[in-house]
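Student: Following the hints, put chain R in place on chain V, whose structure we already have.
2 protein chains.
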Amino acid sequence: MTHLPVLLEVQDLAGALEWLETQPAYSIADEIARMDAVESVITFRLLDKDRALEVFEELDPVDQQQILEGLRDQAFGDLVEGMDPDDRARMLGEVPAKVARRVLAGLSAHERHMTAALLGYPEGSVGRYMTPETVALQQNLTVSQALEVVRRRGANAETIYTLPVVDTGRRLTGIVELRELVLSDPDRHVAELVVTEPPSARATEPAEDAARLMRETNVLDLPVVDSEDRLVGLLTIDDAVEVIEAADTEDVARQSGAEPLERHYMSAGVFEVSRKRVVWLMLLLVAATLTVSVTQAFEDELATVTQLALFIPLLIGTGGNSGAQAATAAVRALAVGEVRTSDLLRVIWRECRTGLLLGAMLAVLGLLVGALFVGWKIAVVVAITLVVICMWAATVGGTMPLLAKKLKIDPAVVSAPMVTTLVDATGLIIYFTTAKIVLGI
Amino acid sequence: MTHLPVLLEVQDLAGALEWLETQPAYSIADEIARMDAVESVITFRLLDKDRALEVFEELDPVDQQQILEGLRDQAFGDLVEGMDPDDRARMLGEVPAKVARRVLAGLSAHERHMTAALLGYPEGSVGRYMTPETVALQQNLTVSQALEVVRRRGANAETIYTLPVVDTGRRLTGIVELRELVLSDPDRHVAELVVTEPPSARATEPAEDAARLMRETNVLDLPVVDSEDRLVGLLTIDDAVEVIEAADTEDVARQSGAEPLERHYMSAGVFEVSRKRVVWLMLLLVAATLTVSVTQAFEDELATVTQLALFIPLLIGTGGNSGAQAATAAVRALAVGEVRTSDLLRVIWRECRTGLLLGAMLAVLGLLVGALFVGWKIAVVVAITLVVICMWAATVGGTMPLLAKKLKIDPAVVSAPMVTTLVDATGLIIYFTTAKIVLGI
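Chains as they are written, first to last, in the UniProt record's numbering: chain V, 1 to 441; chain R, 1 to 441.
There's no promise every hint is true.
Same chains, same names: a pair is fine if it fits in one copy or spans any two.
[Claimed, not checked] Below, a list of computed lysine to any residue pairs in the SDA-like style, where the Cα atoms sit at most 20 Å apart:
(1) Lys-436 with Thr-306
(2) Lys-49 with Val-195
(3) Lys-406 with Asp-343
(4) Lys-436 with Glu-245
(5) Lys-436 with Leu-119
(6) Lys-276 with Arg-353
(7) Lys-405 with Gly-375
(8) Lys-406 with Glu-39
(9) Lys-436 with Glu-301
(10) Lys-405 with Arg-346
(11) Lys-276 with Val-286
(12) Lys-406 with Glu-208
(13) Lys-276 with Met-361
(14) Lys-405 with Pro-206
(15) Lys-377 with Val-182
(16) Lys-276 with Ile-429
Hints listed in this document are in silico derivations from the structure and should not be mistaken for laboratory results.
With the rest of the complex left out, here is chain V (with noise of 0.2 Å):
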């Protein structure tokens, strides 16, 4: 099958239209996606009115944007109109003020009230990615009773499958899954069904927390309660699992030195790109003039055995990388909840010896290559040099992150490029440290 930007270039219109009668709404968005701001704006007016809806809400809030901004006033209305709170609230979370105006004026009044709520609770937290419209349910209810509430009121709701279940003052006291009700005789009582202390979380807390919380204790809803306990929405697992993946995808690039992208890879622009990478590029670059200073502190020792500057990047490299796997173990440890700052000091001894056995097969193979190219005297030094960077950069790369989680920085900002740099310098000096002292210069 043809695909849509060539329809698109081609004029094709019945071609384009027939494309998007007979796709999938996910792949739609996905095509968007990669557009940019026109095609995407005359691809979306070419879709009706309800199938728009649908690809809209699996645009990110960049995308949306950039939709919103092309459409005339009524088509605009009628989309915000028809979209989740939840996903409202995030896309005005992000688009600028003026949008955000023009946003919650075209609301009813009852739409505006659930979006401003969900509005109130900062940036990243559980309160912006949950659905107020639940289906609660009272305690004393029988099971046909209960069915009948959630015929009357689930229209609305997101999700039906779990039930929160509250007291007289709101208080979330437990849930009943609908699958229990459905499977249950009619005339038990919703007390009887009830699994009380379910897991759940408060609004204000982050969504990430939430949701590996979720992933661990296998549930598919998970209760929001404010700070009085009260019942104030649910988290859904399709929000979370997309908590989950944007938390990964800013861990894997923070990892790397890099903040991650906003929106789609192939759409964002080459400035944008590069303003997430430079940053850190400079800041890597100005500690990286601390190996300048030490090479230049052992300068005379290079100029005498010029032949150490030869081993100088395979070193700082092994041990680099040595230093990287151990910081990427840890952080994503930390991430899904493997390894706590508590556990800091048995870390250093994990760390220490795995990096010390690496040292010492890693220095049998220095010391070959080391003889290989310049004789036994220097390649013992290579050797030497070897066991104890790796053993260095393994305990330094498996601590920050533990050490910036308990000073409350994102452990993936303790990045792989960041570990290594500070790793080049100190492994310098033990280079040519031990140089000094096995070849008596």
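Tutor: Just chain R now, kept in the frame of chain V:
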């Protein structure tokens, strides 16, 4: 509250029992995953039967195996019989043949059949993760008849929220959500509520692809079919989330030049961790001998202007960082489906310009640093080298993951350290050649 390991250490049995009774299953599983073999079996025996099964299902296959090996036959049988067939199959896929035989022998004929069916699918495929126990409907039912089928057959199914609709040949024709059945008039027909052509997956395709499709399409359960489109199971969202998390962990590890651990970070031994890291470190060290050769080839120039050695770590470090950023962004964009291999030329063009822009900005900084340490002449060499290295590194980093994917290699294997090492050697050539030209040596 005192932590479990502490309670065990001081032999406070009553305290430990109370802790185990009050904690949720996933917290207990988390503690067990951090213990050694003896501690974990002791803890496990303290749990009552139902709770033991809950906790057991939360554990990773490696930890499950450890516990199974410590249990007597009765407890063993109870535990295994209680597991979901897909969890059991996944565990069997990873335990030694001896344990696997013991597991299969202890099962009822029906359970053995279901597990064996799952085991027929290749490792990492959808078939290994799906649940074979579904409630399938026929299209000609009314809503109330359909709900009756769900009530009669739903108790054994892992999920009843997605109800696959099949024809008389058990071929998948659509799905109905339980939500629709519950909210609809009981006299309507299922046919009116069916979503036709729902997203679905083949049992033999990679589970990661299916899981990402679920994330994109926001479905709770994905129907799984065989090569003739007959329904064979459902992939549920909790399993999909687990698949995505494992795939991301693997990507992250590989991008730092290590293989992912099969078990909990804190319980994996030093030897196991080293084994996962040493192969890449060795390969990279061997690759790094290229840098030794390159530097050796320019030994005369280096002896003439020793100060050139000062900037080696800074230059190859910056090249490595720039390459790692591009490689990481490309691997992630491939993983979440934002980039396809057919985008190769566009990615090359983008990264090439991004690298040029970044290099130009860094060159200004490099000029200052160079002038500060050694004077303008070498500073100009450093600046020019930065521009060329950044452009080259970003292009190589962005391109290699796509090429790897084309060659059916995991793009994450084209890890940041691999790109870095490659760029190190070529970067040195760029540096020394620039120096020869500018300085006239």
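Student: Against each hint, give a clear statement of whether it holds in the structure.
Tutor: Going through the hints against the structure:
With identical chains, the CA atoms of Lys-436 and Thr-306 are at most 20 Å apart both within one copy (13 Å) and between copies (18 Å). For the homomeric pair Lys-49 and Val-195, the shortest alpha-carbon distance between copies (19 Å) is at most 20 Å, but the shortest distance inside one copy (41 Å) is not. With identical chains, the CA atoms of Lys-406 and Asp-343 are at most 20 Å apart within one copy only, with a shortest distance of 11 Å there and 41 Å across copies. Taking the shortest Cα distances, Lys-436 and Glu-245 never come within 20 Å of each other, neither inside one copy (50 Å) nor across copies (48 Å).
For a Cα distance limit of 20 Å, the shortest separation of Lys-436 from Leu-119 qualifies neither inside one copy, at 63 Å, nor across copies, at 60 Å. Within a single copy, Lys-276 and Arg-353 get their C-alpha atoms only as close as 36 Å, which misses the 20 Å cut-off; across copies the closest is 14 Å, which meets it. Taking CA atoms no more than 20 Å apart as the test, Lys-405 paired with Gly-375 passes in neither setting, with 45 Å inside one copy and 41 Å between copies. In the homo-oligomer, the alpha carbons of Lys-406 and Glu-39 never lie at most 20 Å apart, since the shortest distance is 47 Å inside one protomer and 29 Å across protomers.
Taking the closest pair of Cα atoms, Lys-436 and Glu-301 come within 20 Å of each other only inside a single copy of the chain (8 Å); across copies the shortest separation is 24 Å, beyond that limit. In this homomeric assembly, Lys-405 and Arg-346 come within 20 Å of each other (Cα to Cα) only inside a single copy, at 16 Å, whereas the closest approach across copies is 38 Å. In this assembly of identical chains, Lys-276 and Val-286 lie within 20 Å of each other by CA distance solely inside one copy; the values are 17 Å within and 33 Å between copies. Taking the shortest alpha-carbon separations for Lys-406 and Glu-208, only the intra-copy value of 18 Å comes in at or below 20 Å, while the best inter-copy value is 33 Å.
For the identical chains of this complex, Lys-276 and Met-361 are inter-copy neighbours only, at 13 Å across copies versus 38 Å inside a copy, given an alpha-carbon limit of 20 Å. Only within a single protomer do Lys-405 and Pro-206 lie at most 20 Å apart by alpha-carbon distance; the minimum there is 15 Å, versus 35 Å between protomers. For the identical chains of this complex, Lys-377 and Val-182 are neighbours neither inside a copy (79 Å) nor across copies (81 Å), given an alpha-carbon limit of 20 Å. Taking the closest pair of Cα atoms, Lys-276 and Ile-429 never come within 20 Å of each other, the shortest separation being 32 Å inside a single copy and 28 Å across copies.
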